[in-house]
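With chain A's structure known, arrange chains B, C and D with the ligands on it following the hints.
Chains as they are written, first to last, in this note's numbering: chain A, 1 to 718; chain B, 1001 to 1083; chain C, 2001 to 2083; chain D, 3001 to 3234.
By construction, these hints were calculated from the structure, which means they are not laboratory data.
Please read these numbers as outputs of a predicted model, since none were measured by experiment.
Careful, some of the hints might be misleading.
[What the hints assert, rightly or not] Computed Cβ-Cβ distance ranges for the label pairs, DEER-style: (1) A/K131 / D/V3030: 29 to 35 angstroms; (2) B/M1001 / C/E2013: 21 to 27 angstroms; (3) A/R716 / B/N1037: 44 to 50 angstroms; (4) C/S2077 / A/Q183: 53 to 59 angstroms.
[As the list claims (entries may be wrong)] List time: in silico EDC-like cross-link candidates among lysine to aspartate or glutamate, alpha-carbon distance up to 16 angstroms: (5) B/K1025 / A/D329; (6) B/K1042 / C/E2054; (7) B/K1042 / C/D2075; (8) B/K1012 / B/D1075; (9) A/K410 / A/D137; (10) C/K2042 / B/E1074; (11) B/K1025 / A/E324; (12) A/K325 / A/E242; (13) D/K3035 / A/D327; (14) C/K2042 / C/E2079; (15) A/K586 / A/E385; (16) A/K439 / D/D3044; (17) D/K3074 / D/D3044; (18) D/K3097 / C/D2066; (19) D/K3097 / C/D2065; (20) A/K57 / A/E516; (21) A/K180 / A/E249.
[To be verified] Here are a few chain A residues that sit away from chain B, every Cβ distance over 12 angstroms (derived from the structure): (22) Y13; (23) L129; (24) T166; (25) S186; (26) R205; (27) L245; (28) D327; (29) S383; (30) V384; (31) E531; (32) T652; (33) V676; (34) Y699.
All C-beta atoms, glycine included, are put in the ideal place defined by N, C-alpha and C.
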Amino acid sequence: MHYSEAGLRENEYKALVETLGREPNECELLIMGVMWSEHCSYKSTKPLLSLFPTEGKSVVLGPGENAGIVDIGDGNGIAFKVESHNHPSAVAPFQGAATGVGGIIRDILALGARPIASLDGLFFGDPELQKTKNLSDGIVRGIGGYGNPVGVPTVGGKTFYDKSYTDNPLVNAMCLGHVKLDQIISSQTALPGQAVVLLGSKTGRDGIAGAAFASIELSEDTKSSRPNIQIGDPFVEKLLIEACLELKEKGLIVSMQDMGAAGITSSSSEIAAKSGVGMIMYFDRVPLRETGMEPWEIALSESQERMLMIVEFENVSHVMSIAEKWDLDAAVIGEVIEGNDYIIKDGETIVVDLPATLIGSDCPSPDWESSVPSDLAEKWNFSVENIPFNNDLTPDLRDLISSPNLREKKWIYEQYDQMVQLNTVTGPGNNDISVLRIKGSEKLVGVSMESDPWKCYLDPYRGGAETVARSIRALAVAGAEPLGMTNCLNYPSPEIPEQFWELSESVKGMAACCSELDCPVVSGNVSLYNETASQRILPTPLVGVVGLIRNEKEMLRCGCWKEGDHIFYVGLSDPSLSGSHYQMHKMGSPKGRPLIFNGQAESDFVARALGTARKGLARSGRAIAGGGLASALAKECISSGIGAEMKLNIPTRKDILLFGEGGPRAIYAVPSDKIVEFRHTWRGFPIVMLAKAGGKSLYIEGHLNIKVEELQKIWRQE
Amino acid sequence: MTFHTRILIYLKEGVLDTQGKTVAKSLTDSGYSNLRNARVGKYIQLWIDADSREKAYEEADRMCDDLLVNELIEDYSIEVEEQ
Amino acid sequence: MTFHTRILIYLKEGVLDTQGKTVAKSLTDSGYSNLRNARVGKYIQLWIDADSREKAYEEADRMCDDLLVNELIEDYSIEVEEQ
Amino acid sequence: MHTAVVIFPGSNCDRDVIHAVSEITGSVVVPVWHKDTAIPTSTDLVIIPGGFSYGDYLRCGAMAARSPIMASVKKHASQGKLVLGICNGFQILTESKLLPGAMLANKTLTFICKQCFLKVEKTDIPFTLKYKNDQIVQFPIAHHEGLYFLPQDSLREIEQNGQVVFRYCTSSGEISEDGNSNGSLNNIAGIVNRQGNVLGLMPHPERASERIMGGTDGALMWNSIKTWIDREGA
Ligand SMILES: Nc1ncnc2c1ncn2[C@@H]1O[C@H](COP(=O)(O)OP(=O)(O)O)[C@@H](O)[C@H]1O
Ligand SMILES: [Mg+2]
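With the rest of the complex left out, here is chain A (with noise of 0.2 angstroms):
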């Protein structure tokens, strides 16, 4: 065989031979190709995703891990991570999508923890196609058929459509953990001696090789390039999470890691290179769904629903009979060895050996190309004056509010059990975040996921920063602290130079963004290659932020407006109209260069948001997003079934003031009494109050007026 064939570069199949001081031999070579693949090697990333802070006051376990832990208090540890099934749903989307919400709840149940809550991020097509609406339609149903049989509650999400997504929808699943901070199990403490516990579902043919074709662009023709599909099964994932968390309080897994991409070989030689020991493994003794298989199949299959553990060997029967009393398959696949020699054995004979640190690790970097595009100053060559101006603006607004974009997305979260386990304060709906609570605990957490691809087109740099920012903005208009992110990089192939340049500006923006705000990254996950011959997809950073709010009482909502409330308008007065929806509606393609990235006015923000917050200062907050002050004012309008009149005093032009994006800016509804110690908060920060709540319309002298009755209607499509 050669080793192109098996997915490797020749730079790396030296590497790999200069390592082993010999050939390597079919098996491990099929191994290496994917071990060594983008998706398991991050070996486009690494150097990027170093620039991200890692370390905070509230982190407990950050890149490395299978998942990011954050200390809320209490003895309490939030895990969580994001990760993505592109290419899997984009060719079969039920299950691909299903799978990748069964793959990330294994993620955060490995470090011990129990998955609470998931959200998913979906990026979709063009929203006329039929075939956006097939797709759509199977991704939903791929992560309610999964989310809700497992009793994991979909919480929230994020939905965005644009028509680069056509031939590569995205699918990134969010899941959260709840652990307590002296019974997280690590993935790096296996010691010699000990068996290496295979957990859950027989082995079969599926998805082999799935982590290399997800590296790899996708064909026009996927129905030729068919690779083996992973089939989920919620109700051996729900099994397997009960009996892992028993086994744990039982005190019986020393180390733990799920099986993801590339199976057992994937999940053993990570703890083994991790815990610094080295493992023989038996592949007779795997039980196994199909006859005939081939080592090279089982060391790289990706069946679902098994986690991999190390346990004593005097505990192995402790651990059978818990397997028993879950119905789930248990075997001792190997053992823990001194040194660093990966060994696979089928019988007597030995198939695989390889140093056990250089499976997951040791993989070139390829150092790609970076380039400046040179269209850019073509992208940036927008003036306002390319939007004629219109006074009236009521139907811009009413086009927005009921784009697929900005519409209520019932028709998605209505599909998902999002309540079960009892802890959805905030589920989705017409909010920024969602709310946790913790039981047992006063304190709630909240959690926000956030992408903005149409900026990231256009200054990725700025857009990057734009993201981290929103979603941490929302967090702390509602009173939830940050604490942490995770981002899912989501781009086309960085081998073109203006593409990598896409992705290296916008880590950069992100890790700005975060070093300035204090939010650490804890976890994240890297999609590459998603493009077709024809179409490439925006750069699209998707991140996660969650917060701590230290109490209910401290909690602030949107969308509940009292008649009489002060609706205040707090942010400067120049946002950006590059990227913005609006931009979208009347030009059809995204130009000109977003808002400049303040790190001073979005800290200045932050802590001046969580004062209003913690201090009870307002009724109902919203920062400004999406759709811009217009859209976030109709949405307060539309949940609180409450209008407001105004007349706006400010010299800005008004389309660019009432639907440009970007900045730390959001409204308030504040109650008479509040108004004082309110102003007083917001002192030396651009404030304004725009009216108050009350009547029938969302009215503006001159430009806007709409019946919130309308408002309501056009917004959830009745």
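The following block gives chains B, C and D with the ligands in isolation, referenced to the frame of chain A:
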């Protein structure tokens, strides 16, 4: 003429049959020890107007291709009978 | 001997077949105007060890009674063939 | 008040219902694993919780209904003691013939999770005695197969017997297609057996038991049961 078309859809060899596995276990657990294996699929009946049995078959086959069968994981067979 | 038993399960007359209706609608919507009606049911394959075809049939029938079929809403038919 | 919650493989609202009942009534709630042979003898109330027992494969509730522990549940019911099935628990009760009917796929053919309004039409049974007659309450639903079905003559019979306890309705209490998200016959959301001691409903009272979860209409059910048991026991 209207033809009654019976379509049997089943998972391909090697594709994990989550339902079949669970049904088989539940049956053997309740005493059916002579059950070797179970697989669960779909049974779709279509009533199709056509000039001939062959035409009805062709139509059904196209419907399977277009909508009824997920060819990534499923196989199918068609039987036609005149009503 | 192992017998391959094919069980077809379908909704009784008078029981709302929402799935069948939806399948029929999406097929006619995509141009199959000669489709009169569609019904969606289950196709279960069982592999049963038995001394005779009759015994295999009886076993399958009992399994239908016990678990596989809900007689309030479903009917079924069984076909047995030797493997 | 002694409550036992039966847990099947795939149940996923077991912990929720244990939390809600013990939180609201302050009483002891014990889990019973389906492989256990019996329900504790002191048990007053058996709850079969929501979830996806056996993955909801084949038919929702079918495999759980035929598992050994259900013999004990039937015995418990035959002694006139209380059995409550919520969501998948309701499906299990119909599959095991403790309650009449069968559940078909929602008319939308999708899973539906949302708040629903219900009319409480029967308040002379242990589960609902704290509700007012025709009170409108709000419980969430979360299911894919919740369309309650019964052949016409049997349907007429349970209506005549007054076995319908909860009906889907609009916020103003209208029993119409509007409030009936899953398409249940006669808007039926929950029914009781003729003896009045076995109740099944698709909506989730345990998800409407605490203010922070968005409503407390469900708490009345736990208080009803507690009141009845305290009275009977005394
Ligand atoms: N894929 C999804 N899954 C679950 N909830 C979602 C999803 N997409 C959006 N939501 C929910 O809908 C609301 C608005 O979503 P979002 O996509 O951010 O739109 P907008 O830009 O209008 O805020 C949020 O409450 C969010 O949690
Ligand atoms: Mg949002």
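Each hint, compared with the structure:
no. : hint                                  : in the structure
1   : A/K131 / D/V3030: 29 to 35 angstroms  : violated, 52 angstroms
2   : B/M1001 / C/E2013: 21 to 27 angstroms : holds, 22 angstroms
3   : A/R716 / B/N1037: 44 to 50 angstroms  : holds, 49 angstroms
4   : C/S2077 / A/Q183: 53 to 59 angstroms  : holds, 54 angstroms
5   : B/K1025 / A/D329                      : holds, 13 angstroms
6   : B/K1042 / C/E2054                     : violated, 25 angstroms
7   : B/K1042 / C/D2075                     : holds, 15 angstroms
8   : B/K1012 / B/D1075                     : holds, 6 angstroms
9   : A/K410 / A/D137                       : holds, 13 angstroms
10  : C/K2042 / B/E1074                     : holds, 14 angstroms
11  : B/K1025 / A/E324                      : holds, 13 angstroms
12  : A/K325 / A/E242                       : holds, 10 angstroms
13  : D/K3035 / A/D327                      : holds, 11 angstroms
14  : C/K2042 / C/E2079                     : holds, 14 angstroms
15  : A/K586 / A/E385                       : holds, 12 angstroms
16  : A/K439 / D/D3044                      : violated, 27 angstroms
17  : D/K3074 / D/D3044                     : holds, 13 angstroms
18  : D/K3097 / C/D2066                     : holds, 13 angstroms
19  : D/K3097 / C/D2065                     : holds, 14 angstroms
20  : A/K57 / A/E516                        : holds, 15 angstroms
21  : A/K180 / A/E249                       : holds, 11 angstroms
22  : Y13                                   : holds, 31 angstroms
23  : L129                                  : holds, 17 angstroms
24  : T166                                  : holds, 20 angstroms
25  : S186                                  : holds, 30 angstroms
26  : R205                                  : violated, 5 angstroms
27  : L245                                  : holds, 22 angstroms
28  : D327                                  : violated, 7 angstroms
29  : S383                                  : holds, 49 angstroms
30  : V384                                  : holds, 48 angstroms
31  : E531                                  : holds, 22 angstroms
32  : T652                                  : holds, 52 angstroms
33  : V676                                  : holds, 62 angstroms
34  : Y699                                  : holds, 49 angstroms
Hint check: violations occur at hints 1, 6, 16, 26 and 28; the rest are consistent with the structure.
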